[in-house]
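> Residues per chain are reported as follows:
Protein chains: 2
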Amino acid sequence: MASFQTVKGFRDFFPQECALRNYITETWRSVARRYGFVEYEAPLLEETNLYRKKSGDEITNQLFCFRDKAEREISLRPEVTPSLARMVAEKQRDFKKPIKWFQIGPCFRYEVPQKGRGREFIQFNADILGDSSSAPSAELIALAIDVLREFGICTPEDFIIRLSNREIWNIFLADKKIAEEHTTTFLSIIDKIERASAEETEKKLSVIGLTLAEVRDFMASTNENHPAFAELRENLTARGLWKFVEIDATIVRGLAYYTGVVFEVFDKKHGLRALAGGGSYDKLCALISDGTVDLPAAGFAMGDVVLGILLEQTPSAQMKLTSAYLAASSIDAFVVVADEAQRPHALAAIQALRAAGIRADYSFGPQKVGKQFQAAEDRKARFAIVFGAEYPEVVIKNLLARSQSAVPVDGLVAEVQKLLAEPAIGPLIA
Amino acid sequence: MASFQTVKGFRDFFPQECALRNYITETWRSVARRYGFVEYEAPLLEETNLYRKKSGDEITNQLFCFRDKAEREISLRPEVTPSLARMVAEKQRDFKKPIKWFQIGPCFRYEVPQKGRGREFIQFNADILGDSSSAPSAELIALAIDVLREFGICTPEDFIIRLSNREIWNIFLADKKIAEEHTTTFLSIIDKIERASAEETEKKLSVIGLTLAEVRDFMASTNENHPAFAELRENLTARGLWKFVEIDATIVRGLAYYTGVVFEVFDKKHGLRALAGGGSYDKLCALISDGTVDLPAAGFAMGDVVLGILLEQTPSAQMKLTSAYLAASSIDAFVVVADEAQRPHALAAIQALRAAGIRADYSFGPQKVGKQFQAAEDRKARFAIVFGAEYPEVVIKNLLARSQSAVPVDGLVAEVQKLLAEPAIGPLIA
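As you go down the protein sequences, you meet chains A and B in turn.
The numbering used here applies: residue 829 is where the first sequence begins, and numbers increase by one.
The numbering used here applies: residue 829 is where the second sequence begins, and numbers increase by one.
You may find that some hints are simply not true.
Same chains, same label: a pair holds when it works inside one copy or across any pair of copies.
[Stated by the list, open to error] Below, in silico cross-link-like pairs of lysine-lysine (DSS-like), each with a Cα-Cα straight-line distance of 30 Å or less:
1. LYS1020 - LYS1005
2. LYS1208 - LYS1031
3. LYS836 - LYS897
4. LYS1111 - LYS1020
5. LYS1199 - LYS1246
Calculated directly from the structure, the hints in this document are not laboratory data.
No experiment lies behind these values; they were computed from the predicted model shown.
For reference, chain A alone in the conformation it holds in the complex (with noise of 0.2 Å):
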């Protein structure tokens, strides 16, 4: 038992965990890098003023947030967004608009862990800044739907993007003549009315003078076809898209953020916490900057936790999956050193193989050749290559197919690229 444990709500990545998590963020880059998208990263700790700027002081319940030495207020970053509006606010000139910008990075929040949610997680985070239609928005749905569909989660059955707009209440309201202070509490409400009770609901609605029933008739006759989602319905079927989507007016994501469309992502088996959220947050990079830089913005986060967990149990993800935990623990070669006479031949061999790009192995002080042989296996080698009594020829087995040539050593490296480039035969997985 050792006496030092993990700091609660953080995570230890054994190399399998961490073989996920560079999954994970490999596929995330990839596509992104597809749709244009260029990476940034922002500094894993802020002032402690920028998190309270954006969500107000009760933020600072939920960050990992102390004094430094110098009594700086300072904050482990909850999420990114703040630090991208505060980063583009003072660099913005030196790029073109759109912007549009991905980042893959840890988050932490000082909360009670659960299922899906500990103190610390890796989230992939994609916006656009200077663009004002509704294209940008159309752009971040398309890319959080490939992303899952690169992982293997493909079907409308798998998935679902949870739509709606802030600006189809703003007309509810307007056309119920409520007066636009009310318009955060409203929001709040409907952001709580699939948890909360009926009755509970309806006596917050009617301190601001509201039915539940006006809602309900409301939420029921929002459609597709509502004007709002006109733009982005077009583009998304354009894209063959569209039937990923669907409309729900009760996804209004939280507080004052966000200004126009959100949307969240959601699995459609395992009811799941959601995969990802985001909107068009117009109004932001003006409040971080106190007014000096003013662009409209949208994008949406994806964390690690919940999506690890339905990789791990959807059918259709798990082979990629499982490639992927190969790939990083296995190696191409493993050099057996049956005649130690010839380690010296094996070291220059080794490096000669490694300097080529092949992933070479070895064991480090003499072994009976057995043993050696079991050490390529448990490293998933393709080859082995045994240097013996022969050298200066050596011999090439090929673990899998359990086949077997020799070559003299000039040649080795060059044989060796040759049959890496043949497909691989033989049990892959063990």
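Dock chain B against chain A, hints included.
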């Protein structure tokens, strides 16, 4: 002027800085994997006591340490080795020995920021646990050399491994009949010998019964023929890498941590701080696990900051760096909508291009064709694909070769894939 600033000593990674970071981390990852190392990651936070246990109470002066809301004393990690020892102590039975693991991620230290040292840096750690011979040290030194060579830092004129072994000083002290209790004091004098004045060093040595002349004589007589280096020399000579090594008895690397081989990597042209450092630390696992797990170990760490400065200053490294910057921000194809009636078809084609792994982008709204071509150039696209009145025929323009061809839209993806497989012609870098 933005109202918020980056926290002192922390970095914003705008796209160019992020491309440098990714180039460095991907190079580390790829060379480590060639060497058969498997990736892990530790939490960014640990109990402060973990660092106290390894380094003593003074370490807290250099830590970002704080109490969380439950009054736990926690610290942002200043290094990863204590976490590695904790993780290995917990689960070492699950892994075959030797364990060859690497890690890449941010570390933090609370220090006055200066050139080459911020409060946050990204570190690459490679460690081998469970083999007590000198072979792991040879493997690690070879890895450090090959990492630098992969970056284009290639010759012994560019960098050097300064190698020592604490054992040589143990033998020296035993010869001089100096009591073992003075070893730590003595090593800290040696650690500072190049920076301290001769008078100061003489004074400190006299306290434990030694003279500077004795020490200097011993250092001058210590060379690669010392038996403490015999195995390493043989191993690295077989790999053709001994030419990168220089024996330097002043290298002891700080306090009680290291037990045998120690080494540091320095550039030879720019007088920068050490690029990397490491050695064997056979007692750390036992220390961290209160004696329950005792594994010999060796490792090294390389940071991104000094390395980044060196890459920018070394011509043979700059070319690779420039390619990395281009690859991170460029796209394959920019779709030009010359006729707005074709926008839905263009969107469908963009979707198909991206699904085939092609990096494709476009203008979100109606824009003059000239502006769209300008955007294609700005994005360093290799091809512009024009959707105009000729649809379903589309025109592919090679923006480097300044040539063009027309294809039916059904054959677009295959044609672009074929063209991308051809070598790029033209001025790749503007």
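> Against the structure shown, which of the earlier numbered hints fail to hold, in ascending order?
2
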